[in-house]
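Asks: Those sequence lines, one after another, are chains A and B. End of the first sequence = 113 in this note's numbering, gap-free, step of one. End of the second sequence = 1108 in this note's numbering, gap-free, step of one.
One or more of the hints may lead you astray.
Taking beta-carbon pairs under 7 angstroms as the criterion, some of the chain B residues facing chain A (in silico) [said to hold, decoys possible]:
| id | residue |
| --- | --- |
| 1 | Q1033 |
| 2 | G1041 |
| 3 | Q1042 |
| 4 | L1043 |
| 5 | N1045 |
| 6 | Y1048 |
| 7 | F1086 |
| 8 | N1094 |
| 9 | F1098 |
| 10 | G1099 |
| 11 | T1100 |
| 12 | G1101 |
| 13 | T1105 |
Note that these hints are calculated values from the structure, not bench results. Glycine residues also receive a C-beta, built at the ideal position from the N, C-alpha and C atoms.
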Amino acid sequence: NAGVTQTPKFQVLKTGQSMTLQCAQDMNHNSMYWYRQDPGMGLRLIYYSASEGTTDKGEVPNGYNVSRLNKREFSLRLESAAPSQTSVYFCASQFAQVDYGYTFGSGTRLTVV
Amino acid sequence: GIQVEQSPPDLILQEGANSTLRCNFSDSVNNLQWFHQNPWGQLINLFYIPSGTKQNGRLSATTVATERYSLLYISSSQTTDSGVYFCAVGNTGNQFYFGTGTSLTVIP
Chain A
1 NAGVTQTPKF QVLKTGQSMT LQCAQDMNHN SMYWYRQDPG MGLRLIYYSA
51 SEGTTDKGEV PNGYNVSRLN KREFSLRLES AAPSQTSVYF CASQFAQVDY
101 GYTFGSGTRL TVV
Chain B
1001 GIQVEQSPPD LILQEGANST LRCNFSDSVN NLQWFHQNPW GQLINLFYIP
1051 SGTKQNGRLS ATTVATERYS LLYISSSQTT DSGVYFCAVG NTGNQFYFGT
1101 GTSLTVIP
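From just these sequences and the hints, can you work out the full model?
Replies: Right, dumping it as structure tokens:
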């Protein structure tokens, strides 16, 4: 039982390059989330998917796109990376309507130079 | 969005001591979680506690939603308790708002 798996764990991009962060969960959770964490700050929600086939913007969606590929997978895409997107990105999943909290992946540390 | 304030921002404890971490929020909520981020960056859910009291071993949490605060109690602290503790709250749909955390260091 792997939980929530994020790939890659580390990435360095040049300004203007694109990339996709992958997230997969094997817990049959309905909801999935992408957060970013910047130094000294809490996590901020980028996008979420309440259920398969739906996606919605969070607090800081600009510069990102997402795809809920199926119930297990939720990807985050940076079309044209900017230095302001240097951050640690966390994917989380949740079994909605049940008294469970989030399960987080181990994070992706992204540096844009 | 909902404003979340955590206190204290930093806390240093001797091993074996007890502590109370506080989370205040600016609006009514129907979802609240506490997390621990260990020194390696991994985030672990501690409690899902929109109201009431829960206990899990040496940790317990109480949320008084009507007064807009939650407390996390750590008893008999251990060095493995070190890290950052986050409170996250939500009131509509699936959006959670995080506080900036309490950084806890437990000294042997």
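Asks: Against this structure, judge whether each hint is valid.
Replies: Comparing the hints with the structure gives:
Checking Q1033(B) against chain A: minimum C-beta separation of about 4 angstroms stays under 7 angstroms; hint holds. Nearest Cβ of chain A to the Cβ of G1041(B): about 6 angstroms, under the 7 angstroms cut. The hint holds. Annotation: Q1042(B) was flagged as interfacial toward chain A, and the flag holds, the nearest CB pair being 6 angstroms apart, inside 7 angstroms. Given the 7 angstroms rule on beta carbons, the hint for L1043(B) holds: about 4 angstroms separates it from the nearest Cβ of chain A.
Proximity of N1045(B) to chain A holds as hinted, the smallest CB-CB distance being about 4 angstroms (cut-off 7 angstroms). Evaluation of the Y1048(B) hint against chain A yields a held restraint, the C-beta minimum of about 4 angstroms falling below 7 angstroms. A hinted interface residue such as F1086(B) counts as satisfied when its beta carbon comes closer than 7 angstroms to some beta carbon of chain A; here the least separation is about 6 angstroms, so the hint holds. This hint holds: N1094(B) has a C-beta 5 angstroms from the nearest C-beta of chain A, less than the 7 angstroms allowed.
A distance limit of 7 angstroms between C-beta atoms decides the matter here; for F1098(B) the minimum to chain A is near 3 angstroms, and the interface restraint holds. The beta carbon of G1099(B) is positioned within 7 angstroms of a beta carbon in chain A (closest approach about 5 angstroms), and the interface hint is therefore held. Annotation: T1100(B) was flagged as interfacial toward chain A, and the flag holds, the nearest CB pair being 5 angstroms apart, inside 7 angstroms. Interface hint status for G1101(B): upheld, as the beta-carbon distance to the closest one in chain A is roughly 6 angstroms, under 7 angstroms.
With 7 angstroms as the threshold, the beta carbon of T1105(B) stays out of range of chain A, its nearest partner Cβ sitting at about 16 angstroms, so the hint is violated.
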